[in-house]
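S.K.: Here are the chains, one letter per residue:
There are 2 protein chains.
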Amino acid sequence: MNTNTSPIQNVTVIGAGVIGISWTALFLAQGLNVVVNDVAADAEARVRQGIETLKPTLAAMGMPIETLHERLRFEPDLAKAVAIADAVQENGPDRIAFKRKLWAEVEKHAPLHTLFLSSSSGIPTKHQARDMLQPGRVLIGHPFNPPHLIPLVEVVPHVKTAPETAERAMAFYRAIGKKPMLLKKEVPGFVANRLQAAMLREAVLMVKWGVVTVDELDDVVTHSIGLRWATGGPFVSFHMGGGPTGFAGFLKHFARGVQLLWLHSKISPVRFSGSLNDKLLAQVADSFGATPMAELEAARDHKQLALLRVLHAGQS
Amino acid sequence: MNTNTSPIQNVTVIGAGVIGISWTALFLAQGLNVVVNDVAADAEARVRQGIETLKPTLAAMGMPIETLHERLRFEPDLAKAVAIADAVQENGPDRIAFKRKLWAEVEKHAPLHTLFLSSSSGIPTKHQARDMLQPGRVLIGHPFNPPHLIPLVEVVPHVKTAPETAERAMAFYRAIGKKPMLLKKEVPGFVANRLQAAMLREAVLMVKWGVVTVDELDDVVTHSIGLRWATGGPFVSFHMGGGPTGFAGFLKHFARGVQLLWLHSKISPVRFSGSLNDKLLAQVADSFGATPMAELEAARDHKQLALLRVLHAGQS
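Heads up: the sequence lines are chains A and B, in that order.
Residue 1 is where the first sequence starts when you use the numbering used here, and the numbers rise one by one after that.
Residue 1001 is where the second sequence starts when you use the numbering used here, and the numbers rise one by one after that.
One should not assume that every hint holds.
[Stated by the list, open to error] Now the in silico label distances, taken between C-beta atoms and shown as ranges: (1) B:LEU1263 - A:ALA285: 27 to 35 Å; (2) B:GLY1274 - A:ALA290: 46 to 54 Å; (3) B:SER1275 - A:ASP77: 50 to 58 Å; (4) A:ASP131 - B:LEU1263: 25 to 33 Å; (5) B:HIS1109 - A:GLY210: 31 to 39 Å; (6) B:LYS1126 - A:ARG256: 18 to 26 Å; (7) A:HIS69 - B:GLY1210: 25 to 33 Å; (8) A:LYS184 - B:ARG1071: 20 to 28 Å; (9) B:GLU1297 - A:ASP131: 51 to 59 Å; (10) A:HIS312 - B:GLY1210: 23 to 31 Å.
[Stated by the list, open to error] Computed list of chain A residues with no C-beta within reach of chain B, every gap over 12 Å: (11) ALA59; (12) MET132; (13) THR165; (14) GLY232.
Because the hints were derived from the structure by calculation, they are not lab data.
All values reported here derive from a predicted model rather than from experimental measurement.
In this text, a Cβ means the ideal position worked out from N, Cα and C, and glycines have one as well.
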C-alpha cells in the first residue's frame, strides 16, 4: 500500500546497479518521481527491465504498479539530475574517492533542503563528506538486500548531522514503508552486517571442524534460530528463556555457559584461506550450488514475501 | 498431522519440567504411549495441566488432540517406568552425577532395543554414559525450545554409538515430524546454541558501545537477518549474495571485509559483569521487560506458528 505522506516527492537515484534498481522500483511504487543518474549507456534499458522483473513482488506487497515508468526519468548529467531532488539515494561504487567527488558536486547543485543518503555499507560518512562545505548533510541510509523487500534501513548520521536532518531521513524511509533504525554511533559494518558476520564465523567454524556440512548448517538455522529471530530478536528471546525473572534469570543461569562458548570459539582461529575455502566451495557445489541461482532466488523471495505478509502485515 | 510410522510406540519421558511436558504433549499427539517418570508428588497434575495449555497449539499444527490423556501414565519407580520403553527421552537436571546414575539404572531395566535419548544441552554423552555397560547406547536428542513447536532436534551420538542406533534415533524424530540433524562430532553447546551465542556476543557489544538499545537491536534482527535466516541459512544466503559465481564470489569480494569485522569485534572484550549487566537490565526494563511474560510468549508462539505454516507446510 502506498502510505506516503512525506514532503519528499522527487528522488534522485545515483547508480543503477542491483541496489539502485530495487530502490528505484520501490520509490516509484510509493508514488515518488524518480530521476536515475548513471553514466552507463544501457542504464535506462536495464532499469526499465529491472522494474518489470520486480513488479510482481511489488504488487504482491500491495503496492500500485500501473504508472511506474511514467514517473521515471534518466539524466546522465549529475548537476541536472539533482537540481530539483528532495532526496538523493546514492548507490555508486564503494570507493572513497568516488564518493568524495560525488557529494562535493551534488552539494553544489542540489537544493538546500535535499537529503543526501548513501546506501554504502562500507564507507563511513566522515570519508564520504570530507570535501563538502556542509559534511553533516550526508547520512548513511543502508538497506538490507533487496531494499524493495526487506524492511530494515540503517540510518547513520555524520557526526555533524543536525538531529532534525536525521529525523527527516527517518521520516522519509518510514513514509515509504521501511523500518529505519537510527544508529547512535557509526561502527564498521553497522549493526546488521556485524551480527551476520559474527554468526558466519561460528558457522564456518562448525564446518571447518567437520561437525556439519554447509547445507546441514543452513538446515539447523532455518529450523531453529532463524524461526526464532524472525519473530523476536536475541534480547527478548533470552528474556523469555530466562524463566520468571526474564533477562535477569538468563544472566544468572546461562551467562557463564555462554561466555565459555565464546572462549571456546575465540581460541579457534577462522580464516578464509586455501584449504578451508576449498572445503566450503566443495560442499556448496555438492548441495545448493547445483541449483540454478535464479531458482534459489525465486524460492527465497517467495518465502520472504509470505513471511513479511505474516509478520509485518499493516506495517507498510 | 500424525505421520508416525516408526516402530517406536512406547516412550518414557524422564523429568517433567517445561521441556519434558512439551515432549510429552508432542509424543501423545503423534499417537505414542507415554510413561512419565518424575519423583515430584505434583508431577501428574502439572503434566496434565501443561498438556491442556499446549493443546490449542498442537491442534493448530494439525495434530489430533482427542485422546492425549488416555495414553499417558505416571510411574515414579524408574525401573518400572522404562520396562517396556522403545525410547527414553531424558529431561532431568543438568548435573553429571544425576545423569550417570540415571543411565546406569535405566540400562539395567530397559529392553535391549530401547533408545536412550538425552535432551541435555550441556552434558556430553561421554560423561553421561561413564557408568554404563554399553555407553554407546546414550545419544543426545537436544530440542530447541519449545520442542513441540520448533522443528530442530540435534542428535549427537556417543563415540561408541553404532551407526544403526543413530539412524534409529533419527528415524524416530523424523517419524514424529521433527527435523533431526545428526552432528558428526560432539562440541560444547552443539551447533544451534553456539550460533546463538556468537550472535549474542555481537549484539551485546553493540549495546555496550551505545550504538543501539536492546529493543532496537531486536528490531534490527526481526526486520533483516531474522527474515533472511528463516528462509535460508547463512551459507546459501551468502551464496546468493556473491553474484553470478555464488559463494566463490562472496569469498572473493567480501571475505576480507568480514574478517576485518571479526577482528574489530575480537579485540573488544565482552563480559557479563556489573555495569554491562546493569545497562542491559535497565534497557530491558524500559522496553519489553514491562510487558507480562505470558503476553510476550503468546505473541511469539502465535507468530512462530504462522511462520511454521508458511515455511514448513507438509513437513510434519
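S.K.: For every hint, state whether the structure bears it out.
M.R.: Verification of the supplied hints:
1. B:LEU1263 - A:ALA285: 27 to 35 Å: holds, 29 Å
2. B:GLY1274 - A:ALA290: 46 to 54 Å: With Cβ atoms ~52 Å apart, the hint holds.
3. B:SER1275 - A:ASP77: 50 to 58 Å: Holds, since SER1275 (chain B) and ASP77 (chain A) (Cβ atoms, about 54 Å apart) stay within the stated range.
4. A:ASP131 - B:LEU1263: 25 to 33 Å: Holds - the Cβ-Cβ distance for ASP131 (chain A) and LEU1263 (chain B), about 29 Å, lies within 25 to 33 Å.
5. B:HIS1109 - A:GLY210: 31 to 39 Å: Given range 31 to 39 Å: holds, Cβ gap about 36 Å.
6. B:LYS1126 - A:ARG256: 18 to 26 Å: holds, 21 Å
7. A:HIS69 - B:GLY1210: 25 to 33 Å: With Cβ atoms ~45 Å apart, the hint is violated.
8. A:LYS184 - B:ARG1071: 20 to 28 Å: violated, 55 Å
9. B:GLU1297 - A:ASP131: 51 to 59 Å: holds, 53 Å
10. A:HIS312 - B:GLY1210: 23 to 31 Å: For GLY1210 (chain B) against HIS312 (chain A), whose Cβ atoms are near 27 Å apart, the range 23 to 31 Å holds.
11. ALA59: With a cut-off of 12 Å, ALA59 (chain A) remains clear of chain B, as the shortest Cβ separation is near 19 Å.
12. MET132: holds, 24 Å
13. THR165: holds, 19 Å
14. GLY232: violated, 6 Å
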